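Asker: Two chains, each in its own frame: build the complex with the hints.
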Amino acid sequence: SQTIHQWPATLVQPVGSPLSLECTVEGTSNPNLYWYRQAAGRGLQLLFYSVGIGQISSEVPQNLSASRPQDRQFILSSKKLLLSDSGFYLCAWSGGNSPLHFGNGTRLTVT
Amino acid sequence: GNSVTQMEGPVTLSEEAFLTINCTYTATGYPSLFWYVQYPGEGLQLLLKATKADDKGSNKGFEATYRKETTSFHLEKGSVQVSDSAVYFCALITREELIFGTGTRLQVFP
Chain A
2 SQTIHQWPAT LVQPVGSPLS LECTVEGTSN PNLYWYRQAA GRGLQLLFYS
52 VGIGQISSEV PQNLSASRPQ DRQFILSSKK LLLSDSGFYL CAWSGGNSPL
102 HFGNGTRLTV T
Chain Z
310 GNSVTQMEGP VTLSEEAFLT INCTYTATGY PSLFWYVQYP GEGLQLLLKA
360 TKADDKGSNK GFEATYRKET TSFHLEKGSV QVSDSAVYFC ALITREELIF
410 GTGTRLQVFP
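Listed in order, the protein sequences are those of chains A and Z. In the working numbering, each residue carries its 1-based index in the first sequence increased by 1. In the working numbering, each residue carries its 1-based index in the second sequence increased by 309.
Chain Z on its own, in the form it takes in the complex (with noise of 0.2 angstroms):
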């Protein structure tokens, strides 16, 4: 079946690092890939989306690109700030479901 795993978190850094959360996938077909953050207290933003092979998605200085070589979709940042701690999840939708990964803390200090 379809499936998203997820890197557990917490992932912890200091403002400016490099940030990597690892998604990967299982699924039949062609599915499009999704990152969603999700700030404290509040509902789940679209962060950025890729729908086929090889495209990246950005948005806030957050990429992805969509490998379907390695089935991952690789959620990266080059300089994280404080206002970037949140829940980030991992999503894939195939005509037939929805399916999201388990969710990553990231806390950025100061």
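Isolated chain A, as found in the complex (with noise of 0.2 angstroms):
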């Protein structure tokens, strides 16, 4: 079956600080990969979503970014956080038109 991570669970970083969540998928291959953003009391925001290695599309301008090193790996870096980049972060997958299945998600706050 096919499982997601996300790590790490938590995570607090001054302003200023690089940042780099990770996300693994197990038990598919080339699945669609995305970056969501819930910030505090809104609903979800696509940051960056991803049909392949390499392929990485934004859809919101941000000081963040997002890589795709490998089929299954997707990344999401800042090289200098802002305070407004606080927030829930989830990484989700899907394959094709079936519905995204979600990681646990990343609390990050930005100090």
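No lab work stands behind these hints, which were simulated from the structure alone. In this text the structure is predicted, and so the values were computed from the model without any measurement. Incorrect hints may have been included.
As the list claims (entries may be wrong) - Each pair of labels, with its calculated beta carbon distance range: (1) A:G28 / Z:K377: 32 to 42 angstroms; (2) A:G96 / Z:G350: 24 to 34 angstroms; (3) Z:T380 / A:D72: 32 to 42 angstroms; (4) Z:Q416 / A:I54: 39 to 49 angstroms; (5) Z:E378 / A:S18: 49 to 59 angstroms; (6) A:S59 / Z:S312: 12 to 22 angstroms.
To be verified - A few chain A residues that don't get close to chain Z, going by computed Cβ distances all over 12 angstroms: (7) V13; (8) V16; (9) S18; (10) T25; (11) E27; (12) S30; (13) N31; (14) V61; (15) S79; (16) K81; (17) L83; (18) L84; (19) S85.
Unchecked claim - Partial pick of chain A residues on the chain Z-facing surface, computed with a CB cut under 8 angstroms: (20) G44; (21) L45; (22) L91.
Every residue gets a Cβ at the ideal spot worked out from N, C-alpha and C, and that includes glycine.
Answerer: See the structure below:
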């Protein structure tokens, strides 16, 4: 069966520090991969999605970036965090038109 | 364009009350419709789905019927429990995109 792993679960980082969140999927090949952010009290905002290795689409301008170095690995990064980057980050995968399956999320607090 | 509109929360209910969370959509073509649930501090879990008109998705006592004539996919449960307290997201998938509603927080009190 397919599983998705996302880490770390929580992270506290100072403003201006770098960020790296990792997400891996097991049990499937060539998944579509997604990074969402959920700000406190708000809905989901799609940040990036990827349909294949090295293929990244960005939905919103920001100081975050994403990379997909391997088929089942999706990384969310930043060179310098802002206070406004605080939130709950969710990785997800899907196969074509199938539903999304989410990781457990990373709660990021930028201080 | 495609969109999903959910009723704003929070929805506050007593245990064993009847629940309805409204969801309407706008889409070209024939989307698949989903409800996701997010328990406190966790990621989203797929709750139920419907892939064509008149389909009824059900899971854990929750139901939703894909109504093409009213472009709706309302979530219902006959008797809620405290453990149902969570945020519920309506979503649609077309060939081009995946769209989530803004989420509705449900609070159930004993």
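Asker: At the C-beta level, are A:G28 and Z:K377 separated by a distance inside 32 to 42 angstroms?
Answerer: For A:G28 and Z:K377 the Cβ distance comes to about 34 angstroms; the hint holds.
Asker: Non-interface claim for A:S18: all C-beta distances to chain Z beyond 12 angstroms?
Answerer: holds, 24 angstroms
Asker: Quick check on A:G44 please, does its C-beta sit within 8 angstroms of some C-beta on chain Z?
Answerer: Since the shortest Cβ distance to chain Z is 4 angstroms, the answer is holds.
Asker: Beyond 12 angstroms on every Cβ pair: is that true for A:V16 relative to chain Z?
Answerer: A:V16 clear of chain Z: closest Cβ-Cβ about 24 angstroms, beyond 12 angstroms.
Asker: Does the claim that A:V13 lies off the interface hold, with its Cβ farther than 12 angstroms from every Cβ of chain Z?
Answerer: holds, 15 angstroms
Asker: Closest CB-CB distance from A:K81 to chain Z, is it above 12 angstroms?
Answerer: holds, 27 angstroms
Asker: Would you say A:V61 is clear of chain Z, with no C-beta pair closer than or equal to 12 angstroms?
Answerer: holds, 14 angstroms
Asker: Could you see if the CB distance from Z:Q416 to A:I54 stays within 39 to 49 angstroms?
Answerer: holds, 43 angstroms
Asker: So is A:N31 really clear of chain Z, every C-beta pair being over 12 angstroms apart?
Answerer: A:N31 clear of chain Z: closest Cβ-Cβ about 17 angstroms, beyond 12 angstroms.
Asker: Has the hinted range 24 to 34 angstroms been met by the Cβ atoms of A:G96 and Z:G350?
Answerer: About 27 angstroms separates the Cβ atoms of A:G96 and Z:G350, which means 24 to 34 angstroms holds.
Asker: For the hint 12 to 22 angstroms, verify it against the beta carbon of A:S59 and that of Z:S312.
Answerer: Roughly 21 angstroms apart at Cβ, these two residues keep to the hinted range, so it holds.
Asker: Determine whether the non-interface label on A:S79 survives the test: each CB of chain Z must be over 12 angstroms from its CB.
Answerer: holds, 21 angstroms
Violated hints: none; the structure is consistent with every hint.
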